[in-house]
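Number of protein chains: 2
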Amino acid sequence: MADDKKITKRADDYSAWYQDIVLRAELADYSPVRGCMVFRPRGYAIWENIQRDMDRRFKETGHVNAYFPLMIPESFMKKEAQHVEGFAPECAVVTHGGGEKLEEPLVIRPTSETIIGSMYAKWVQSYRDLPILINQWANVVRWEMRTRLFLRTTEFLWQEGHTVHETHDEAWEEVVRMLGVYRSFAEEMLAVPVIAGRKSDSERFAGALTTLCIEGLMQDGKALQCGTSHDLGQNFTKAFDIKYLGRDGKQAFAWSTSWGVSTRLIGALIMAHSDDQGLVMPPNVAPEPVVIVPIWKNDDEKALVLGKAHELAQALKACGIKPHVDDRENLKPGFKYNEWELRGVPVRVELGPRDVASSQCVLARRVSGTGKETVPLAQAATRIGEVLKEIQAFLFERALAYRKEHTTSVSTYDQFKQVLDGKGGFVRANWDGTKETEARIKEETKATIRCIPDDDHAPTGNDVLSGAPGKHSVLYARAY
Amino acid sequence: MADDKKITKRADDYSAWYQDIVLRAELADYSPVRGCMVFRPRGYAIWENIQRDMDRRFKETGHVNAYFPLMIPESFMKKEAQHVEGFAPECAVVTHGGGEKLEEPLVIRPTSETIIGSMYAKWVQSYRDLPILINQWANVVRWEMRTRLFLRTTEFLWQEGHTVHETHDEAWEEVVRMLGVYRSFAEEMLAVPVIAGRKSDSERFAGALTTLCIEGLMQDGKALQCGTSHDLGQNFTKAFDIKYLGRDGKQAFAWSTSWGVSTRLIGALIMAHSDDQGLVMPPNVAPEPVVIVPIWKNDDEKALVLGKAHELAQALKACGIKPHVDDRENLKPGFKYNEWELRGVPVRVELGPRDVASSQCVLARRVSGTGKETVPLAQAATRIGEVLKEIQAFLFERALAYRKEHTTSVSTYDQFKQVLDGKGGFVRANWDGTKETEARIKEETKATIRCIPDDDHAPTGNDVLSGAPGKHSVLYARAY
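Residue numbers (our numbering), protein chains in the order written: chain A, 1 to 480; chain B, 1 to 480.
Fair warning: there could be bad hints in the mix.
Where chains are identical, the list cannot tell them apart; a pair therefore holds if satisfied intra-copy or between any two copies.
[What the hints assert, rightly or not] Here are the simulated DSS-like pairs of lysine-lysine, each with C-alpha atoms no more than 27 Å apart in a straight line:
#, residue 1, residue 2
1, Lys-336, Lys-6
2, Lys-302, Lys-101
3, Lys-336, Lys-308
4, Lys-78, Lys-297
5, Lys-389, Lys-336
6, Lys-9, Lys-222
7, Lys-442, Lys-404
8, Lys-78, Lys-101
What the hints contain is simulated information worked out from the structure, not anything from laboratory work.
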């Protein structure tokens, strides 16, 4: 853990740097199951913080949670043509149960539109049963060849919202509303600025009419999709026969949506904020926003200092801030400081006998450092609350500045390639709207259309590759 | 839902009664996947309430959460001889992934001792790394032939604690501590009185030295296991090579425990408290502890009454009580009352224009009824808080009285059978400690040893069946 091995520098090998941070900060570990990871307690605590806040936002927007089966009959996957085409190659298949071969294989859910659709067909009879606004917190499995901790693993944790509506307008409102929830969440809690937009046809969800997304930018100039919200039209309601008796007395197919974010958000926040010293955690989702390190040399000092440390911890709790007192024996303060720095703790409080004598403590920030700050103990909890807010804002602003510096509008393909091979980031360019152009650019540069941003306007120029009239002004990037 | 179909009476068909309640109160539904159920929002909300409170108790006793892979290499299951014998027949097996046959099949976790053990072997080096106190909230799959909503399904939700310790004494302390947590939880939150004890060898967990359990009694006189806590000794630490460098400088195998409760607890509380009118929910885990039903005939009344209803809802929230205002249009109050009765809402508040004019409201209790009670609006929130506590206590006392009436000590096998075929319940009898006696009683009466209770004393009499000297005074019952 806090051994002598150095963390690889970002500039030397960004991938190795990321892996070093995840493993050394004990957020996750590789498992003996190919492509599957273990969420260690400090990594899982981030997910718990994400869940708590996001669940509140879902409930405030009228949603309730439910839980549907993990295993889906293979035939269900085949009912929506695009859906099976997109997901079948990624499925894990259960062929035996209870010692016998199954009559029909079961697929481990890669996503739950089909199994949930089959239940909604049973529950929806009349317009009075609509809308259904259900979310599920669950594990899903998508077979992956190349995996990366948090970002891409065969099994991952996520939430998937599945809603059904009377009209397409209502469904579309929901799709937009939930993308808004994701955007606010990413920016307010993870301090990751994101660009909202919609996917091109070739990048949208298998079975959707439209996929909206939020895209973040990592420090190596690569984009990361942070959440998606799908307008499923009537594709699944027709495949699963979700019909209702309308206000006009006629039977009609309902309209459905789905939306999800996953544990890859943890990868996003690590990559967006951390540095060569280790993890940097945004205070709002940090497992330990504040660590108090008491310093002592003998038993008398220990009793004195620990007493004050726990008093301060109580004061922090009263302010709604979760403190951790690092009272481990036989470790030097310097060792603890290094370890908490590696672990990305936003604020460290140092408290020694002389501090107690002067009724003060010393605050050290993980980032946005203005040097150490001495604070009277009586005001420490309030001041720490302020500092945490400052750090949260600082991280967001820093990431936003990075994104601004790394978003480049180009009008020629040479510029396009130059930027990608140079500083990287988002490249804004006109697109003629064809799959052919999109595919050729991906093949030649490895960049994909991350989204057609919300501020897409009728472009004045021509497609950056084909020279044909541009239909959209889009954001390209290499992506995770 | 609240249609005209009557709920089957308990006396007529207890199983049909239970199923009627679960389906009609919309707690759960059957799924198209054999043996798997759907947790509908009102059923899942109970699980969320259970999770929130239990998670708090786990954290207060020093545990943290983590998450381990769903799929376990088949070879891992075979490393502990008793474990594979117990679980292999129940496993669902993934044989294909990503379109190809796997080199080694993967089992969907029926429980996670093996996969977690393999990680602990990596994390534990020295006594300084101990204890590890980790819990996991997860889904598990155990192939079941005969299923019953919540009580026994192929997939279910649960928590599983997995801890490793330096000494057997410490591990044993943990096993006892967690059974205590389960017992307090069941009695305080679910209002289900339970008997704590240990399992006989033939009923203990596959791979454990000792299994402790809590057992509840349902209204049909059958017992229901509500939670188990296992002393795994060194069985798994040896199988997975979890060794540590001890304080004495020598390598030693660690000692491990595991403990779990599942969504079957929801079945327990339904069966323990509900009646022929429908569900009865203990207030402490009810999805809606309080429903306010506003009554109006015209728009003026509606505005007046809804305004007051939301004021009262605010006052309840301020007291930490979650209110639900049933403001649905076009439904008569009587219809709503019946529906909320079926759904087991502990307290219903009726609020009409004349009530508002007199600044009062009417409370109706789902159980422990003393008729309706008129309460001044200004005191309503406080009074409702008291009534909820009274109902919680009433349900526990009623279930406890039932258990006392249905616990019978017997000294002859004739009495034993008479009680089982008569009023049922727990039968306390002396046991000679042999597997043969236990098996014959099970075969002849379908009763199993539910536990050797904590108050087991050297019995004075002989075994109820064999007549050999009794070794333990045990509790037999037919069980779910």
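Do the hints match the structure? See the list:
1. Lys-336 x Lys-6: within (16 Å within a copy, 66 Å between copies)
2. Lys-302 x Lys-101: neither (64 Å within a copy, 60 Å between copies)
3. Lys-336 x Lys-308: within (18 Å within a copy, 56 Å between copies)
4. Lys-78 x Lys-297: Cα proximity of Lys-78 and Lys-297: none, with 69 Å in one copy and 51 Å across.
5. Lys-389 x Lys-336: Within one copy only: 24 Å inside, 47 Å across.
6. Lys-9 x Lys-222: within (17 Å within a copy, 64 Å between copies)
7. Lys-442 x Lys-404: within (23 Å within a copy, 73 Å between copies)
8. Lys-78 x Lys-101: both (21 Å within a copy, 20 Å between copies)
Violation of the numbered hints given earlier is confined to hints 2, 4; the remaining hints are satisfied by the structure.
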